[in-house]
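Given chain H, put chain P with the ligand in place with the hints provided.
Given next are the chains, with one letter for each unit.
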Amino acid sequence: MKVWGRMMSKAFSRRGRIAALAATLITATAGVMGLAAAQAAGDARTPEHHHWHFAGPFGTFDRAALQRGYQIYREVCSSCHGMQYLHFRNLGEPGGPYYDEEHPNANDNPVVRAIAADTTVAGEPDDFGDPTTRPATPADAFPNPFATEGMARLANGGALPPDLSVIVSARHHGADYIRSLLIGYEEPPEDVTIRPGLYYNPYFPGGAIAMAPPLPEERVTYADDTEATTEQMANDVVEFLVWAADPHQEARKRMGFMVLIYLTLLALLFWISYKVVWRNVAH
Amino acid sequence: MSGPSTYEPKTGFTRWLDQRLPIVRLGYDSFVDFPTPKNLNYWWTFGGILMVCLVTQIVTGVVLAMHYVPHVDYAFASVQRIERDVPFGWLVQNIHSNGASMFFLAVYIHMFRGLYYGSYKPPREVLWILGCVILILMMATAFLGYVLPWGQMSFWGATVITNLFAAFDGGTGIITNWLWGGFSVGNATLNRFYSLHYLLPFILAGVIILHVWALHVVGNNNPTGVSVKSRADTVPFHPYYTVKDSFAIVLFFILFAIFVFFMPNALGHADNFIPANPLSTPAEIVPEWYLLPFYAILRAIPNKLLGVIAMFGSLLILFILPWLDTSRVRSMRYRPIARWFFVFFVICCLLLGWCGARNPDHLVFQTGVDAEGHATGFTFLMLARINTAYYFGYFLIILPLLGLIETPKARPASIDASVLGGRKVSSSGAAVQPAE
Ligand code: HEM
Chain H
0 MKVWGRMMSK
10 AFSRRGRIAA
20 LAATLITATA
30 GVMGLAAAQA
40 AGDARTPEHH
50 HWHFAGPFGT
60 FDRAALQRGY
70 QIYREVCSSC
80 HGMQYLHFRN
90 LGEPGGPYYD
100 EEHPNANDNP
110 VVRAIAADTT
120 VAGEPDDFGD
130 PTTRPATPAD
140 AFPNPFATEG
150 MARLANGGAL
160 PPDLSVIVSA
170 RHHGADYIRS
180 LLIGYEEPPE
190 DVTIRPGLYY
200 NPYFPGGAIA
210 MAPPLPEERV
220 TYADDTEATT
230 EQMANDVVEF
240 LVWAADPHQE
250 ARKRMGFMVL
260 IYLTLLALLF
270 WISYKVVWRN
280 VAH
Chain P
0 MSGPSTYEPK
10 TGFTRWLDQR
20 LPIVRLGYDS
30 FVDFPTPKNL
40 NYWWTFGGIL
50 MVCLVTQIVT
60 GVVLAMHYVP
70 HVDYAFASVQ
80 RIERDVPFGW
90 LVQNIHSNGA
100 SMFFLAVYIH
110 MFRGLYYGSY
120 KPPREVLWIL
130 GCVILILMMA
140 TAFLGYVLPW
150 GQMSFWGATV
160 ITNLFAAFDG
170 GTGIITNWLW
180 GGFSVGNATL
190 NRFYSLHYLL
200 PFILAGVIIL
210 HVWALHVVGN
220 NNPTGVSVKS
230 RADTVPFHPY
240 YTVKDSFAIV
250 LFFILFAIFV
260 FFMPNALGHA
270 DNFIPANPLS
280 TPAEIVPEWY
290 LLPFYAILRA
300 IPNKLLGVIA
310 MFGSLLILFI
320 LPWLDTSRVR
330 SMRYRPIARW
340 FFVFFVICCL
350 LLGWCGARNP
360 DHLVFQTGVD
370 AEGHATGFTF
380 LMLARINTAY
390 YFGYFLIILP
400 LLGLIETPKA
410 RPASIDASVL
420 GGRKVSSSGA
430 AVQPAE
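Chains H and P are the protein sequences, given in the same order. Numbering-wise (numbering that gives the first Met the number 0), the first sequence opens with residue 0 and increments by one. Numbering-wise (numbering that gives the first Met the number 0), the second sequence opens with residue 0 and increments by one.
Bound conformation, chain H alone (with noise of 0.2 Å):
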């Protein structure tokens, strides 16, 4: 009692006053932080910290890891996973896989006009309303590999693969969760049984997933030549999806940093025009 009391007469006391008001703001944060954590669900396993380069504030994307990463999405998780909100421009425009000082327009972009070539989308039917194909452009969207959800789901002993454009946000734990997801594939315990057509993986909840381990060994053939092992591949794809779910996110840590210094000097402006307009007030 006695402690609290001397914290609660100096909270309010007008020398702790600041002390007291940054205290409430760091406490309230703190607290709605932690509420977010908890709210994480229940019996999939805590999935493993990874250390990624682009977290953090002063955390980048690595072009080369980017780059790999499409690689990864379009030659496997492509043939389940469409990525409705991504068009094949953003992965030429700034902060994306191959953005090129050169052709700063990605439309003009030859890699990703050749990339986007390379895929085959539904173009508008002909004279006589039969449907045609043709190749993509840098505005396409990525195409879907299934034209129905019901297809999708027949392809897939009954299970829906997700959209992959924001998964990282939908998901608790993002880039972490996909990681663990993707790499911690393993025999079932004992007294588990799995149905066939699931596999165990003890980081989705319910420990069933109805996808294959997308990612065995050498699994890819990298056009860098790095080594394509499991945990390679996851944490390539991985960063490619945390960038595609938040393209921007170099742009705003950047700006972040030139918004938070032009802060802190305008407060100090602003704190010694108050000690200079308050200086004969006793207050």
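These are calculated hints, taken from the structure and not from any lab test. Beta carbons: idealized from backbone N, C-alpha and C, even for Gly. Please note: incorrect hints may appear among the correct ones.
Said to hold, decoys possible - Beta-carbon label-pair distances, calculated as ranges:
1) P:G26 to H:D61: 46 to 56 Å
2) P:G367 to H:R194: 35 to 45 Å
3) P:A370 to H:D42: 21 to 31 Å
4) P:A370 to H:D190: 18 to 28 Å
Okay, now just chain P with the ligand, sitting in the frame of chain H:
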């Protein structure tokens, strides 16, 4: 406090205008010459911060509305488009979504300030009640806004909250169908929520004008709670408080910017990045953090109708607070017992928020195991019930009784005297002048 105006038009034009529409005079009397107690601390800067929050929400909201598509098939995609393709759309969107949280953070601090310093007591009852109206409008606006991105939490949150009103129609669905514009939460619901989300902030702005008007009639309270007695107690609002408020606003913006630029999704729920799906109920349906305490009160009561009444009651009780608190001493600085109950009240609100975020059946701590080997102990439901009881007890029992039995400490004779360190002029004991 709204004494004679001291404004003197200086130019021909302002003289001409002043005789036709004295709007410059109004601004001058309200924000330049307005006599303000000279001992206000930083807790008093949150009113100005709230004004900035409102303007921020309206400006960013209007820009978002230029790109948002209120249709169940396109709403989620249009928000993605804003974040990805609209130039600086990510910035505007992050400011608006985090701005709502900042707004509530500020309003809760602003209200706790009022509770601690007795700002709801005469002559500020109407000012306080207008504040309560503002709080309810803010909650409605934020709830409606959260539905617009049409993610899983949007959809299921809307379903849960609108279904609360089913408690009042005896299960006939008359009220819910009317609210939804159909037989479930659907496109008609999304459209009307969008319309109302755009409307309410302007009503809010109107009520805030009344709130500030009421403030300028009775004048600011202050940390001593002692009424302003002479000019020596006050300073003109400008430049003294314009500069202090500006400093506080910039500090607040620093916190705001940390969220917007470095952890824009920290306050949101992952499930709202999954497009709404009426066929799949999420594992947990939780509202945004600033509504959690009220959600906890709702779930603390086993009966649905009573739960809904308790939840709305927890807000409505604030309206009659000026008549529940029987103490004539405003500031809890001079109320040695009440300030402790106040501290517990703040803790109680935080605990209720915690309960609102957790499954009511989960354990806060374990005390043993039952016959089948399941852990037993103190559940979040129990914690929520205790705190709900304290929440209402604070207003209905503690404040009414305490005013009658507590012996307040000596108050300074005036603000000026308190600033100069001269104390204990009004002798201790309950012999107090009308409210101070
Ligand atoms: C949109 C939200 C709000 C805005 C923009 C706003 C704005 C303001 C401003 C500018 C002041 C004067 C400066 C100050 O004393 O901090 C003020 C004072 C006040 N507000 Fe609010 N307010 C809001 C919400 C509320 C709410 C929800 C309540 C409580 C139910 C409330 C209760 C009060 C009281 C009692 C005062 C007088 C305080 C005093 O001088 O002691 N306000 N408000």
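- prompt: Which hint numbers does the structure go against, in order from smallest to largest?
  reply: none
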